[in-house]
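K.L.:
This is what each chain is made of:
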Amino acid sequence: MDMTFFYAFLIGGLICVVGQLLIDLTNLTPAHAMSALVVLGAVLDGFGLYEPLIELAGAGASIPITSFGNALVHGAMAEAEQHGIVGIITGIFEVTSAGVSAAIVFSFFAALLFKPKG
Amino acid sequence: MQQGPKEKLEYKRITQKHLPKRPVFSNSVRAFLVGGAICLLGQFVQKFFIHFFDFDQKSAGNPTVAVMVFLSVLLTGFGVYDRIGQWAGAGSAVPVTGFANAMASAAIEHRSEGIVLGVGGQMFKVAGPVIVFGVVSAFVIALVKQIIKMVI
Amino acid sequence: MGLIGKQTWEFASQPVLISTGTVVGPKEGQGPLGHDFDMVHQDSYLGQGSWEKAERRLMEEACETALSKAHLKADQIDIFYAGDLLNQIVTSGFAARTLATPFIGLFGACSTSMESLALAAMTVDAGYANYALASTASHHSTAERQFRYPTEYGGQKPLSAQCTVTGSGAAIVGKAGEGPRITHATIGQVVDLGVKSPFEMGPAMAPAAVDTIAQHLKDTGRKPEEYDLIVTGDLARIGHKIAAELLEQQAGLFLGDLFKDCGILIFDPDQEEVFSGGSGCACCAVVTYGHLLKRMERGELNRMLICATGALLSPLSTQQGESIPCVAHAVVIERGRWD
Chain A
50 MDMTFFYAFL
60 IGGLICVVGQ
70 LLIDLTNLTP
80 AHAMSALVVL
90 GAVLDGFGLY
100 EPLIELAGAG
110 ASIPITSFGN
120 ALVHGAMAEA
130 EQHGIVGIIT
140 GIFEVTSAGV
150 SAAIVFSFFA
160 ALLFKPKG
Chain B
240 MQQGPKEKLE
250 YKRITQKHLP
260 KRPVFSNSVR
270 AFLVGGAICL
280 LGQFVQKFFI
290 HFFDFDQKSA
300 GNPTVAVMVF
310 LSVLLTGFGV
320 YDRIGQWAGA
330 GSAVPVTGFA
340 NAMASAAIEH
350 RSEGIVLGVG
360 GQMFKVAGPV
370 IVFGVVSAFV
380 IALVKQIIKM
390 VI
Chain C
78 MGLIGKQTWE
88 FASQPVLIST
98 GTVVGPKEGQ
108 GPLGHDFDMV
118 HQDSYLGQGS
128 WEKAERRLME
138 EACETALSKA
148 HLKADQIDIF
158 YAGDLLNQIV
168 TSGFAARTLA
178 TPFIGLFGAC
188 STSMESLALA
198 AMTVDAGYAN
208 YALASTASHH
218 STAERQFRYP
228 TEYGGQKPLS
238 AQCTVTGSGA
248 AIVGKAGEGP
258 RITHATIGQV
268 VDLGVKSPFE
278 MGPAMAPAAV
288 DTIAQHLKDT
298 GRKPEEYDLI
308 VTGDLARIGH
318 KIAAELLEQQ
328 AGLFLGDLFK
338 DCGILIFDPD
348 QEEVFSGGSG
358 CACCAVVTYG
368 HLLKRMERGE
378 LNRMLICATG
388 ALLSPLSTQQ
398 GESIPCVAHA
408 VVIERGRWD
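The listed protein sequences correspond, in order, to chains A, B and C. 50 is the number of the first residue of the first sequence in my numbering; add one for each residue after it. 240 is the number of the first residue of the second sequence in my numbering; add one for each residue after it. 78 is the number of the first residue of the third sequence in my numbering; add one for each residue after it.
So here's chain A without its partners, still in its complex pose (with noise of 0.2 Å):
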């Protein structure tokens, strides 16, 4: 039985409740929470211990906005391994970019296809 579903289901709860205990807890906006989670997601790549999370838990690591830290991290580290410091500007959006772009297009053409409902 593949369990990365039941892992998936669990992890990525897991850190929607972590987001949620920042906000309810702390009176942070949802903007400064999601903020705050990406560079822990950075800071976890940081110590190679992100990475183990998506092996175990795939989407559960993947989609949650962590991963957006975890990401740009490992971009930009895998670009200074060939091209040294100046590889870690080059590398930081090679990683990410389908999230970044995917959302651009789609909400721009969701712009003008659509209406706000108020």
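Residues of chain B placed beyond 12 Å of chain C at every Cβ, according to the derived structure:
no., residue
1, Phe264
2, Ser298
3, Pro302
Taking CB as the label site, the calculated pair distances span:
no., chain 1, residue 1, chain 2, residue 2, range
4, C, Gln327, B, Glu352, 45 to 51 Å
5, A, Ala127, B, Leu356, 33 to 39 Å
6, A, Glu130, B, Phe292, 27 to 33 Å
7, C, Pro109, B, Asp295, 56 to 62 Å
A few chain B residues that face chain A, going by a derived Cβ cut-off under 10 Å, partial list only:
no., residue
8, Val268
9, Phe271
10, Leu280
11, Gly318
12, Pro334
13, Gly337
14, Ala345
15, Ser351
Since the hints were made in silico from the structure, they are not lab data. All values derive from a computational prediction rather than experimental measurement. C-beta: ideal position from N, C-alpha, C; glycine also.
We have chain A; now place chains B and C onto it with these hints.
P.N.:
Structure of chains B and C alone, referenced to chain A:
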């Protein structure tokens, strides 16, 4: 009415007494359920791409995220995502679908100011901080790691 | 006539509230007071191309309704006082363009309804106008997109949040005629007891309401029992309880059942996403001009004190760490001449 620091402190005590406590536990349960469900859906989508389109575990992440973003933008356009968000809280905000909702809702809302300045100029209004902090923290962490590597 | 006490205007000629117009959106129409409004729109766009244009139509329709009920034309209005929540009070400016009347724009946030009514009464009483029109409007989506988030954004609001009323109320005040009388107005001072969160508007505004109500009773030398109703604009459930407690503690005033709030009256708590109650400039305006005046017509009320409350924050001020200063203005409306 006296408005000095003593009065403000006393008023804070009175306000706290009357403000309803946030239902932290039930909010967390809902966030867990919805967040978990969205990630579970993502897992199914990922498996779909691996089996039918010859992606591997690593590279299937990209089209999966794109599909989740597409679904989120669609739900935002139909005026459904905000309802889900009020119920699910972080459960719908934390997955990448929340990021897409932030972008799409801003783009759709500001269409009335034109495509360039409205849609284009305001699209990152809500989601901007995530991108800025993601990139800046990634830069700092990668830099620190690289320096450590070079020194050791 | 003139200033009595510290902050209260007494109108010796007791100007008449000749007519009113109230226009609301779908949620307000579905609420407990739905039947008391002149017009209920099912489409919160009002068929317009943007939320802002819809808000303008609301104000124009409320004014047109008040004019038609009074059998007056816009060019008979000597002065138009109006305000709203939007930047540069565009709704009011553009509505004034349509009405083509002499115009003074006001910003009092949600206290604008009584602020404009007080000024209208004062202008007529002092002889500077035969007919004065006072109006205010608000719209849930324009307030949302200016002060908070895009309307389709899925952020979660806490229980202390309030729901901005989509609607507009307009009132015409004249020297003579049939209708309730405006006898006094108390102009509020800005009060700020340090509340910072825009999701705690009720608690932010309660001290201002308490200050104005207490000052009004002191200036007029009256007791609460001399009123049939003392109503605040939009403190909603949380702010209203706090105000009642403050009135007892600080001013020794026990209001009991005669203390109500328009934000609590306008929505049924079971309606979707109303949280702790209504807010917005239109809240006090439509409840007063629609529901409360109808009760007065039926003979249920003889004298009421309406205290509209406003939070004077901007989208930037809270981000810059400022607290929320608030103001409350009160007007006395009587069923007939008071001698």
